[in-house]
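Asker: Sequence:
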Amino acid sequence: MADTLINALATLLTFQHLLYMLLGVSVGLTVGVIPGLGGIAGLSLLVPFLYGMDEVSALAMLIGLVAVIPTSDTFSSVLMGIPGSSASQATVLDGFPLARQGQAARALSAAFVSSMFGGLFGALVLTGFVVIARPLILMFGSAELFMLTLFGLSMVAVLAGRSLAKGLAACVVGLLIGSIGGSPATGEFRMIMGFDYLYDGIPLVVVGLGFFAIPEIADLLRRNAAIAEGSALGSGWGQGLRDWWRNVFLSLRCSGMGCMIGAIPGLGGSVVDWIAYGHAVQSTKSDPKFGQGDIRGVVAPESANNAMQGGALLPTMLFGIPGSGSMAVFLGGMVLLGIEPGPAMVGADLDITYSVIWSLAIANVMGAGICLMLAQPIARLTRVPFQVLAPFMIALICFAAFQATRDLADLVALLALGVLGVLMKRFGWPRPALLIGYVLAPQAETYFYQAVQFYDWGFVTRPGVIILALLTVASVVLGLRNRVDDTGAAGSVEAGGTDRQRLPQVLFAAAIGLFFLWALRDALGHSFLGMIFPASAAVIGLAMIALLLPQLVTAAPGHKARFDAELAVTPDQGLAGMWGGIGWIAALVAGSAVLGFYAALLLFFPAFLLLRARTRLVPAALMTASAAGVVLLLAWALSLNFPYGLAQEHMALPWPFS
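Quick note on the numbering used here: the sequence shown kicks off at 1 and runs consecutively.
Think of the hints as simulated: they come from the structure by calculation, not from any bench.
Where is the CB? At the ideal position from N, CA and C, for every residue including glycine.
Be a bit skeptical, because a hint or two may be false.
[Said to hold, decoys possible] Across the chosen pairs, the derived CB separations fall in these ranges: (1) Gln292 x Asp407: 50 to 56 Å; (2) Thr14 x Glu340: 22 to 28 Å; (3) Gly629 x Leu19: 44 to 50 Å; (4) Leu524 x Trp457: 17 to 23 Å; (5) Gly238 x Ile132: 28 to 34 Å; (6) Gln101 x Ala510: 45 to 51 Å; (7) Thr461 x Leu19: 49 to 55 Å; (8) Leu634 x Pro385: 24 to 30 Å; (9) Asp456 x Ala587: 54 to 60 Å; (10) Gly52 x Thr14: 55 to 61 Å; (11) Tyr51 x Ser527: 45 to 51 Å; (12) Gly238 x Asp407: 49 to 55 Å.
Using the sequences plus the hints, can you model the full thing?
Answerer: Encoded structure:
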């Protein structure tokens with residue numbers, strides 16, 4: 001096994017693999033600086049480029065992105081007081097006050113070193129677990145793997161969001177979206193509604209970008225301001241290093257917590273930083289100034305959120321259960337590369353597992369070093385008005401989305417799921433629960449019918465199944481007693497007291513209920529093995545809607561089910577602001593349907609920059625030319641034909657317009 005570990009390092013330390021890792025680190029750095037996008041959107045951008053790549057290079061690129069986002073998202077948390085991702089929320093509490101005190105460099109330095117230490121600790125834990133767990137993992141069969149997927153789903157549903165009913169219902173939405181297309185057991189096509197596009201299901205890239213990237217872009221656009229308004233970084237880089245060393249045992253403890261929390265399927269980054277921050281507060285006796293600029297409030301969460309990546313890779317690679325939303329997309333990337341997660345990762349594919357571990361360690365060092373070197377220019381980038389950056393982000397997201405099937409329907413699906421994502425964010429429905437449900441749906445169904453085929457219904461009496469079932473029940477009970485509120489204070493639930501204010505929440509929940517009814521009706525038209533999984537999910541979803549609707553209608557203000565972020569926004573950021581970003585994306589999709597994607601892009605860019613961003617003509621022309629050139633270069637490198645529009649059906653146009 002030691003030979004395999006050394007050989008994996010030797011394979012990774014080649015120019016090609018390190019170059020791809022640097023590419024992933026660079027993309028992760030860019031995505032992490034933009035608040036709200038996070039690892040899910042970043043990985044979704046890279047997934048389309050995996051086709052035909054070498055396995056080690058592709059995984060090094062993905063791990064490079066995963067490793068650096070919890071490091072680079074610190075910029076927005078410290079410099080502007082806006083969490084760069086869900087895993088850096090707690091960093092804001094003390095990082096931003098330090099920046100306002102002129103100690104931004106000190107906070108960033110301590111954060112980067114803590115992140116690097118946490119990432120290396122997570123890689124070490126992952127290495128040790130592979131050695132210890134190998135005999136145990138090889139004992140898992142389809143029955144045990146099915147129960148393990150249920151365990152992961154139970155953790156997602158119970159621990160995500162303010163409301164149990166919303167968490168379970170969101171998870172069911174993901175399960176049903178993941179069930180669209182052919183049944184793995186019988187090959188029957190479900191919920192396709194006569195659209196050829198749905199026969200193979202909705203691609204992972206489209207789902208990830210639709211539910212996570214588009215809502216965040218729409219939210220940032222409505223603010224109409226620079227991403228950050230912070231001051232200069234100040235001095236204190238060396239002081240930050242000394243701060244970390246003085247609190248090295250706090251960093252070690254929080255790194256351990258991050259690994260354990262990351263290994264729990266579905267819990268992930270939404271709570272790891274808060275648990276670590278709470279531990280720092282509880283364990284500090286000398287002169288605590290938490291919330292006012294205590295450096296320990298930066299060291300603790302930053303150590304935990306990077307170590308979490310190593311922990312999250314455990315269930316993802318060894319059991320095929322994503323430990324977080326980012327790991328759900330990473331799992332999909334492994335499948336695209338032809339790598340089957342599960343027991344083979346500690347058997348025939350052990351070399352791949354160790355290459356991932358080495359990539360995680362090297363990428364953390366690489367990411368922390370780049371963040372330190374680029375702190376000054378990145379700090380300036382965050383003060384650029386987001387409306388200037390937005391067209392580049394929108395074009396990049398659309399470009400990544402249509403590579404899924406290279407069909408215009410990819411963009412239509414992206415827009416539709418983006419609208420649903422915006423509404424889920426507004427009403428406090430946990431989107432990570434939906435994504436993990438989507439990714440686990442085909443695995444859960446496949447393991448179920450394999451268990452029935454191999455063991456008949458007697459699989460429920462297998463010792464491993466019984467143990468995992470008890471763990472699942474225990475996780476639900478503990479989750480009900482200690483549910484985590486990861487929605488934050490955005491959109492106070494106390495404000496929703498009138499019937500008119502409740503109506504949007506009620507209508508949205510009712511619409512989700514109608515979707516469950518339709519899915520149940522569709523499922524009942526198939527054979528038993530083709531019907532049982534989506535039908536069971538739909539019934540659970542309907543039960544949750546039946547529980548949720550009375551709470552939304554009759555519950556007093558302040559109830560955890562009641563949430564509408566629009567009740568907390570200022571008048572100038574009303575519904576028009578909420579849907580403005582979606583409207584621009586819809587315009588690009590509509591233009592692509594009529595003119596083709598590239599021609600629509602050439603019109604979209606100057607229109608957005610001149611009308612929405614209010615830039616001058618010459619800068620708008622230069623930015624349009626730059627974006628068009630980059631997209632053209634990527635398309636040429638990938639031998640990509642852009643989605644056709646109606647114009648291509650009647651006119652003979654040269655590439656790239658055809």
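Asker: Could you run down the list of hints and mark each one as holding or not?
Answerer: Here is what the structure says about each hint:
1. The hinted range of 50 to 56 Å is satisfied by Gln292 and Asp407, whose Cβ atoms lie roughly 53 Å apart.
2. A C-beta distance of roughly 25 Å is found between Thr14 and Glu340, which places it inside the suggested range of 22 to 28 Å.
3. The hinted range of 44 to 50 Å is not satisfied by Gly629 and Leu19, whose Cβ atoms lie roughly 22 Å apart.
4. At about 21 Å, the beta-carbon gap between Leu524 and Trp457 stays in the expected band of 17 to 23 Å.
5. Look at Gly238 against Ile132: about 39 Å separates their beta carbons, and that is not inside 28 to 34 Å.
6. For Gln101 paired with Ala510, a C-beta distance near 49 Å keeps the hint of 45 to 51 Å intact.
7. Distance hint check: the CB atoms of Thr461 and Leu19 are about 52 Å apart, consistent with the given range 49 to 55 Å.
8. Restraint check, Leu634 to Pro385: a C-beta distance of roughly 25 Å satisfies the suggested window 24 to 30 Å.
9. Judged by the Cβ atoms, the range 54 to 60 Å given for Asp456 and Ala587 holds: they are separated by roughly 55 Å.
10. In this structure the supplied range 55 to 61 Å is violated for Gly52 paired with Thr14, their Cβ-Cβ distance being about 18 Å.
11. Between Tyr51 and Ser527 the beta carbon distance is about 33 Å. The supplied range of 45 to 51 Å is therefore violated.
12. At about 54 Å, the beta-carbon gap between Gly238 and Asp407 stays in the expected band of 49 to 55 Å.
The earlier numbered hints that this structure contradicts are 3, 5, 10 and 11.
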